[in-house]
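**Student:** As you go down the protein sequences, you meet chains A and B in turn.
Residue numbers for the first sequence follow the working numbering, so the first one is 3 and each next one is one higher.
Residue numbers for the second sequence follow the working numbering, so the first one is 14 and each next one is one higher.
Just so you know, not all the hints are guaranteed correct.
[Claimed, not checked] Keeping only pairs whose Cα atoms sit at most 20 angstroms apart, straight-line, the calculated SDA-like set for lysine to any residue is: (1) A:K241 x B:E236; (2) B:K157 x A:L345; (3) B:K192 x B:L137; (4) A:K117 x B:A210; (5) B:K157 x A:V343; (6) B:K249 x A:I129; (7) A:K117 x A:I240; (8) B:K249 x B:Y194.
Because the hints were derived from the structure by calculation, they are not lab data.
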Amino acid sequence: MNRLMARFGQVLLHPAAVFAGIALGVYIGLYHRPLAQVLHNPSRLYLIFLQMCVLPIMIAAVIISVGRLMRSGRANAFILGVTGVFAGGMLLAAALGVGLGLIGRTGSDLGRDSKVLMGQEIASVEIARNAPGDPGEDAMPTGTGVSDFLYNMIPENVFKAVSEGRNLPVLFFCIIIGVALGSVRSSSSDVALAVADAVYEAMLKVIGWTIYALPFGLCFLFADQIAQIGTGIFVALIKLILYLYAGSLALLVLYFIVLRIRSGLSFGTIFRSIRQALVVGFGTSNGFASLPFALEGLHKQMGFEKDTVDLVIPLGTTLNPHGNAICFGMVAVFIAQLYEVSLSPAHLLTIIPLAALAGVVASSAPGLASVAMLALVLDPFQLPTLVAIILVSAINPVIDPILTVVNVAGNCASAAIMAGRPANVPGKGENTTAA
Amino acid sequence: MKRPYFGWLWLVAGMLAGFGLPGSWSAETDTSLMPPDIRRIVKRGELIVAMHREDGAPFYTLDKAGQLCGLDVDLAESIAQTLGVKVRFDRSSATFDGLVDFVAAGQADLAISCISRTPRRAMLANFSTPYVRLYQALLINRVKGPRAGNALPIDQWLNAPNIRIGTISGSSYMDFAVKDYPKAEIVAYEDFDKAAAAAVRGDVHAVIFDNSQITLWVQQHPEEVLYVQTRIMKDKEDPLSIVVNWQDAQLLNWINTYLATMEGEGRLTALRVKWLGKESSP
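Let the sequences and hints guide you as you build the complete structure.
**Tutor:** Structure (structure tokens):
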């Protein structure tokens with residue numbers, strides 16, 4: 003019996019099982035919508051369980067790595083480095099979004115049919131918002147701007163921030179704790195760091211168990227997501243969607259090249275190492291859910307230096323979302339073309355940093371409020387933010403998976419640039435934990 | 014096979030219909046006791062109703078067969094039928110103000126044509142109790158409209174020297190716009206389509222009109238939703254009334270009594286639901 007279970011476990015851990023789960027999920031989502039709806043709740047359950055594990059991992063990883071960074075005495079260099087790598091990556095992704103938007107002219111020459119579909123989508127959202135008993139009708143999904151972003155960074159009550167899942171204030175608190183623990187050289191602070199380390203290892207162990215459920219979880223998640231996808235509005239915006247996918251794939255190629263240069267491993271090995279992180283990101287559209295898989299892949303399988311990876315990946319999940327940047331850059335150009343507002347080179351140079359900034363702010367805002375951060379990019383150019391928010395929200399189910407993959411892979415590449423070269427280029431290590 | 018005989022139903026229906034036949038009532042009634050305004054109509058055998066020259070669905074428009082129909086048409090026909098006369102629509106006026114002038118000059122008994130009450134018009138003629146309550150609404154150009162972070166209420170945003178507001182010349186909305194947005198520049202257009210096109214192009218920041226017309230136009234032009242945004246101002250009602258000559262005091266009383274009766278019997282509600290799709294009661 004035990005041998006049978008072990009055999010079954012091996013089957014579930016096999017890469018083919020993951021892809022079989024995805025394929026089955028897509029099939030159910032396309033052809034068995036009622037079943038997909040039944041699977042909605044189990045799929046939520048899987049995602050919630052992953053998120054439950056991620057929060058302690060993120061907290062522990064940041065505290066430990068900041069603590070060790072302080073003791074190593076290279077904190078200043080690290081801060082400069084991480085700022086440069088994050089800013090560079092975000093600007094690059096935003097510039098690619100703007101550039102592809104200009105080349106693709108995604109917002110120009112849209113046919114009347116497309117405009118009708120877009121108009122109907124906008125009208126349906128606006129009418130829902132104009133419901134009776136709502137005299138003000140000013141209920142714009144207001145993006146909390148940059149100033150709110152900074153104000154909200156310091157948590158008044160850290161437990162409230164944790165329970166509300168607001169990652170930025172939690173990260174801020176963890177960095178402070180890490181700095182303090184790292185500065186205090188006593189046995190008790192060593193114990194505190196060791197405790198954090200134990201929590202981290204324990205939660206990674208739990209994540210390891212969930213890998214057995216990964217094929218099922220992905221099957222449910224894909225079925226649920228695919229079933230939610232309608233048609234109309236996607237047909238109208240197909241050009242924008244395709245260019246976003248093309249840009250995302252270009253970035254992914256770039257990230258793999260970076261990972262190859264930094265690790266010296268073959269593309270196949272790199273793919274196997276971060277495959278789970280990418281697949282979970284694509285399936286859940288949630289960068290945090292794939293965080294533990296990214297840590298595992300970069301450190302244990304590719305051999306990058308643990309402390310740096312443990313700090314860069316959690317920070318980057320909030321502060322380094324390249325997918326948001328490319329999306330905001332391209333959508334800004336799309337909207338400008340749609341409203342025939344010509345953008346001068348100076349305008350374009352302004353849009354790129356704004357899109358990068360909005361991308362960072364958006365990743366710390368919950369749900370649809372993150373899309374509302376488009377206001378940061380569009381408002382200075384007198385472009386109608388509400389239309390952009392409604393249209394992007396409408397195509398979000400289709401573009402969010404690939405943008406999340408870009409976020410995850412971009413973050414891995416950033417961590418690889420920051421981290422030291424693999425000490426022992428894994429020859430045997432890559433096979434032991436591969437799943 | 015036995016079938017129940019329902020032929021008697023036709024007999025009953027015929028009798029009921031007979032009561033409402035135009036002219037059947039006036040022929041037998043002594044008009045000498047009637048006040049002069051009612052007597053004038055009954056003796057003429059015809060109720061003259063002024064109605065705007067351009068169609069204004071769903072209040073007065075042509076159906077697929079080319080027949081005049083709409084809420085105002087149904088209401089006018091029902092009034093005439095109850096008075097026992099035929100209805101004749103005078104559609105020579107090209108403006109809403111012109112309709113009020115018609116009634117004031119005695120060229121028409123009533124004006125039923127999606128007409129709003131305004132103090133200026135009330136100096137010329139009487140208004141019945143409202144039979145439909147619309148709202149003032151805006152069609153705002155999205156590029157020129159208020160920004161997402163704009164904290165000003167829409168009223169204050171519109172009332173500024175650099176703002177251009179479009180509406181239809183000779184309509185009550187000229188009055189509303191001039192009164193509510195004295196600082197803005199009010200631009201008059203010949204008809205609603207021209208005004209809406211100006212809002213789409215951005216020639217004006219917004220067009221102000223009633224929610225019925227704006228909603229209808231948006232339904233007919235879904236692609237323009239990209240360029241203009243609808244805003245219904247729920248705090249600014251636009252009640253529609255029947256216009257009566259100031260000398261026709263009894264006719265006004267009669268109209269008000271009749272509207273109250275229709276309301277009480279649920280027929281006015283049925284009419285509103287039929288043409289406006291939902292209840293928008295006075």
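**Student:** Which of the stated hints cannot be reconciled with the structure, identified by number in ascending sequence?
**Tutor:** none
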